Amino acid sequence: MSDITGNTTRWQRLAIIFILAIVFMIIARGVVAIPEDILGVAPHITSNLAVSGVLNPVTAVLLNFRGYDTLLEIGVLMLATIGVLSLAKNLSLAQMRFSPPADPVLALMTRISVPLLVLISGYLLWAGEKAPGGAFQAGSVLGAAGVLLALSGHTRPAWLNVSMLRASIAVGFVVFLAAAVVPMLLGKNLLEYPVALAKTLIIVIETWLTLSIGFMLVSMFIASAAPISRDLEEPVDAESD
Amino acid sequence: MSTWEFAFDAWLVVVLVWLAIRTLSEARLFKSVVLFIALGLFVAFAWVRLDAPDVALTEAALGAGITGALLLDTVGHLRGRKVPYSSAERDSQGKASASDV
Numbered sequence: 000m001s002d003i004t005g006n007t008t009r010w011q012r013l014a015i016i017f018i019l020a021i022v023f024m025i026i027a028r029g030v031v032a033i034p035e036d037i038l039g040v041a042p043h044i045t046s047n048l049a050v051s052g053v054l055n056p057v058t059a060v061l062l063n064f065r066g067y068d069t070l071l072e073i074g075v076l077m078l079a080t081i082g083v084l085s086l087a088k089n090l091s092l093a094q095m096r097f098s099p100p101a102d103p104v105l106a107l108m109t110r111i112s113v114p115l116l117v118l119i120s121g122y123l124l125w126a127g128e129k130a131p132g133g134a135f136q137a138g139s140v141l142g143a144a145g146v147l148l149a150l151s152g153h154t155r156p157a158w159l160n161v162s163m164l165r166a167s168i169a170v171g172f173v174v175f176l177a178a179a180v181v182p183m184l185l186g187k188n189l190l191e192y193p194v195a196l197a198k199t200l201i202i203v204i205e206t207w208l209t210l211s212i213g214f215m216l217v218s219m220f221i222a223s224a225a226p227i228s229r230d231l232e233e234p235v236d237a238e239s240d
Numbered sequence: 000m001s002t003w004e005f006a007f008d009a010w011l012v013v014v015l016v017w018l019a020i021r022t023l024s025e026a027r028l029f030k031s032v033v034l035f036i037a038l039g040l041f042v043a044f045a046w047v048r049l050d051a052p053d054v055a056l057t058e059a060a061l062g063a064g065i066t067g068a069l070l071l072d073t074v075g076h077l078r079g080r081k082v083p084y085s086s087a088e089r090d091s092q093g094k095a096s097a098s099d100v
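Chains A and B, in that order, give the protein sequences. In terms of numbering that gives the first Met the number 0, the first sequence opens at residue 0 and continues consecutively. In terms of numbering that gives the first Met the number 0, the second sequence opens at residue 0 and continues consecutively.
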C-alpha cells in the first residue's frame, strides 16, 4: 500500500489498527447479541398507521409521528446551505457557466438523463405514500439532476435569479413550520395534524420539501465548486485574465 | 436465511471492507474518491439487505452522488486550479461582484 500517512511510523499505525479492532469486536458483540425476532416500535406504528394519513410506515414516522425531527433536519440543512453560500467568496450567481460547454457525449447524456431524473424525483415523491420514497429521496435525486446540469456547461436559466433561489431554499422549511404551528393556533399541540387533513398536509409538505432540498443541494454544490478558468488544462493565475 | 442470501451477504461484507481499506490507502486522491463513490453504492446495497430501502435510496443519491461530486471538486481545487474565471459581470477591478446569492 502506498504511504500517504505522512509521519506516522509503522508501529503507530499497527497500534491504531489494533485498538480499532478491539473497538470493532466490542461493537460487533453488541450487534450480534440483538435477538432476531425483536419488534420494537413496529407494532405501535402499524396499529396507528390509519391515523397517520399514509400507508408507508417510514413516511408516517418521518412526517407525522416524528415530524419534529424532520422539521429540525430541514432547519439544519437550510442553515448549512446559508453558511456555505455566505462563504463562497467569488461566487456570483450572475456568472453564466460553472463548467465549459459539454462535449457531445455528455451533452446528449444530460439531455436524456435530466428529464428522466426529474420524472424519477416526482415518482419517488408520490410513491412515498405507499412505498419507499418520500421527500428526502426525491429531493436528492432532484439535486443530482441540478448538479449534472451545472457540470455539463448549461447556462443559468433566466428564471433563476437571486430572490428565486432564496425563496426556493426557504420554502420547504417555511411550509413545514406553518403546518406545524397552525394546529397550535387551533388549540392542539405542535405538529398535531387534524386527522382528516393529515394525508393532504403530508403531501403538501413533502412537495415543498422536495423542491427545497433539491435547490439546497445544487446551491451547496455550486457554491463549493471552483468556477472554471478559461482553459481547464492548466491552472490560471489569479491576476491574469 | 438461505445459502444464497448468506453467500451474498458474506461477499458484500468482504467487498465493503476491501473497498474501505483501498479507499483509505490509495495515494492518488482522484482514485480514492472514485473508490469512495463505489463504496457508497455498496453501502446502499447493504442498506437494502438490512430491509431499509428508503435509507438505501438516500445513501445512493447523497453518499455516492452529491458527496462524491463534492469530493471530486475538492480534488480539482487541490490540483491548483485557481479561483477566477471570465465573466461578463466582473467589475472594473477585475474581481467578481461580491456574492449576491
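None of these hints come from the bench; they were simulated from the model. Just so you know, these numbers come straight off a predicted model, no measurement behind them. Accuracy of the hints is not assured; some may be wrong.
Computed footprint of chain B on chain A, listed as stretches where at least three residues anywhere in the stretch have a Cβ under 8 Å from a Cβ of chain B [stated by the list, open to error]:
hint: 1; segment: 120-133
hint: 2; segment: 153-159
Computed from the model, here is a short list of chain A residues facing chain B with C-beta under 10 Å [said to hold, decoys possible]:
hint: 3; residue: L54
hint: 4; residue: T109
hint: 5; residue: S112
hint: 6; residue: L115
hint: 7; residue: Q136
hint: 8; residue: V146
hint: 9; residue: L216
A few chain B residues that don't get close to chain A, going by computed Cβ distances all over 10 Å [as the list claims (entries may be wrong)]:
hint: 10; residue: W10
hint: 11; residue: L11
hint: 12; residue: V33
hint: 13; residue: F41
Each residue gets a CB set at the ideal place from its N, CA and C atoms; glycine is no exception.
Verification of the hints:
1. 120-133: That given contact holds, which follows from 4 residues of the segment 120-133 of chain A lying within Cβ reach (below 8 Å) of chain B.
2. 153-159: violated (count 0)
3. L54: violated, 14 Å
4. T109: violated, 14 Å
5. S112: violated, 12 Å
6. L115: violated, 14 Å
7. Q136: At 4 Å from the nearest chain B Cβ, Q136 of chain A passes the 10 Å test, so the hint holds.
8. V146: Holds. Min distance 5 Å.
9. L216: L216 of chain A check passes; min Cβ-Cβ to chain B is 6 Å, inside 10 Å.
10. W10: holds, 18 Å
11. L11: Holds, because the least Cβ-Cβ distance between L11 of chain B and chain A comes to about 16 Å, which exceeds 10 Å.
12. V33: holds, 16 Å
13. F41: holds, 18 Å
Violated hints, listed in ascending order, are 2, 3, 4, 5 and 6; each of the other numbered hints is respected by the structure.
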